[in-house]
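Colleague: Whenever a hint applies, use it, and build me the whole structure from the sequences.
The listed protein sequences correspond, in order, to chains A and B. In this note's numbering, each residue carries its 1-based index in the first sequence increased by 375. In this note's numbering, each residue carries its 1-based index in the second sequence increased by 41.
When the alpha-carbon atoms are kept at most 27 Å apart in a straight line, the in silico DSSO-like pairs for lysine-lysine are as follows:
1. B:K344 with A:K431
2. B:K89 with B:K161
3. B:K89 with A:K462
4. B:K344 with B:K161
5. A:K431 with B:K122
None of these hints come from the bench; they were simulated from the model.
In case you want the letters, here they are:
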Amino acid sequence: MSSPESGSYDATEAAPHGKPRATEWPLWEVFIRGQHGLSHRHVGSLHAADAESAIKNARDVYTRRNEGVSIWVVEAAAIAASSPEEKGPLYEPSNDKVYRHPTFFNIPDDVGAM
Amino acid sequence: MYAQMIKSTGKGVKSLDEMEPEERAFQERINAGGKIEPKDWMPDGYRKTLIRQIGQHAHSEIVGQLPEGNWITRAPTLERKAILLAKVQDEAGHGLYLYCAAETLGVSRDQLTRDLLSGKMKYSSIFNYPTLTWADMGAVGWLVDGAAIMNQVPLQRTSYGPYARAMVRICKEESFHQRQGFDIMMKMANGTEAQRKMAQDALNRFWYPSLMMFGPSDKDSVHSAQSMAWKIKMNTNDELRQKFVDQTAPQAAYLGLTIPDEHLEWNEERGHYDFSEPDWDEFFDVLQGNGPCSVDRMEARNKAWDEGRWVREGLLAHAEKKRARKMAAE
Ligand SMILES: [Fe+2]
Ligand SMILES: [Fe+2]
Ligand SMILES: [Fe+2]
Numbered sequence: 376m377s378s379p380e381s382g383s384y385d386a387t388e389a390a391p392h393g394k395p396r397a398t399e400w401p402l403w404e405v406f407i408r409g410q411h412g413l414s415h416r417h418v419g420s421l422h423a424a425d426a427e428s429a430i431k432n433a434r435d436v437y438t439r440r441n442e443g444v445s446i447w448v449v450e451a452a453a454i455a456a457s458s459p460e461e462k463g464p465l466y467e468p469s470n471d472k473v474y475r476h477p478t479f480f481n482i483p484d485d486v487g488a489m
Numbered sequence: 042m043y044a045q046m047i048k049s050t051g052k053g054v055k056s057l058d059e060m061e062p063e064e065r066a067f068q069e070r071i072n073a074g075g076k077i078e079p080k081d082w083m084p085d086g087y088r089k090t091l092i093r094q095i096g097q098h099a100h101s102e103i104v105g106q107l108p109e110g111n112w113i114t115r116a117p118t119l120e121r122k123a124i125l126l127a128k129v130q131d132e133a134g135h136g137l138y139l140y141c142a143a144e145t146l147g148v149s150r151d152q153l154t155r156d157l158l159s160g161k162m163k164y165s166s167i168f169n170y171p172t173l174t175w176a177d178m179g180a181v182g183w184l185v186d187g188a189a190i191m192n193q194v195p196l197q198r199t200s201y202g203p204y205a206r207a208m209v210r211i212c213k214e215e216s217f218h219q220r221q222g223f224d225i226m227m228k229m230a231n232g233t234e235a236q237r238k239m240a241q242d243a244l245n246r247f248w249y250p251s252l253m254m255f256g257p258s259d260k261d262s263v264h265s266a267q268s269m270a271w272k273i274k275m276n277t278n279d280e281l282r283q284k285f286v287d288q289t290a291p292q293a294a295y296l297g298l299t300i301p302d303e304h305l306e307w308n309e310e311r312g313h314y315d316f317s318e319p320d321w322d323e324f325f326d327v328l329q330g331n332g333p334c335s336v337d338r339m340e341a342r343n344k345a346w347d348e349g350r351w352v353r354e355g356l357l358a359h360a361e362k363k364r365a366r367k368m369a370a371e
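Modeller: In structure tokens:
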């Protein structure tokens, strides 16, 4: 299995990446929430036969030094991702909406902190 | 380093003017310090070279577990055993991060593994040397991980996003590796006469193979220019080798050990140490698979793969059965 981000490619020395064979475990993306209340963050991926063992493997690889207190795993194939070609239409609309930023507004110094 | 003699395209580096618009935009992004992500357009050569380089790096982490794994059951104390075990486990993780990064380029993990096992893909020459005494655990952590760090720190800024991110994780763990190695060397170097001799012997055997890790001299590395333009190689081989010698020579002096090079000398004018080149014929020979442990290493990896087969298949069958049972119950 390849990551949700990968493209297909078949011109390497290695064989093309086709359907996973029966012996190849699916790929899981791993998300971990640290101790300090921030959201789960993508930390990497790993192969595992099922969700349960994916969590165990993630514990073994990605939380070896107190990195987190909560693990999410999701099969890479289940993730939908935006594509780079859409970069323009997806993100440009927000460029001209400068009023979404607090710095757009001039508040006199006399008002104090705001 | 862990990726030696990586072939990139045989053609010279193109100038921006010679490039088609797509490639030009790609190169300009790299020049500006931007990252290339898996779904972005990239030249064929960039993708191929990266698969070779990241794959070889990953294989090195995995095969690199063998020389150290050799001493886990014979570590002198329970604490040393736990530390070495943790270090070797970390290396498995490094291999995993790197395989995942290679997979984003569209190659499968199993295919990379098969190419290692068939001898089609290489791993670092350093892991074809034997670890004969406990002092070798010190020398490997101190010198081998030390050399790897020299290479991996700048790679955190490499142009390929997933590779750079894997390097950030790896570098966080590497300094533990080098320090535990140096700690062993300190103990041995300050121990009994027999221990000191063992430490010196380990340094004698690992010094030149460590210098070889950086790959052949710049004048003989034909593929560097393109990789450097792509920012998948950040420094030349000779640059990094010099940096390594400059860092390591004072550390050896601190240990009271002698680096086995009569020409090693501080050069005031250059502001660097002068030193002897390793035997490059030996290097090429080891890379061809004729190192003292080459056959052993490949046998060990093949055995692990073959004997692990029933586990891989069994767990998959079990997962399948559970899924079917759950479906039936719903
Ligand atoms: Fe490593
Ligand atoms: Fe290593
Ligand atoms: Fe290491």
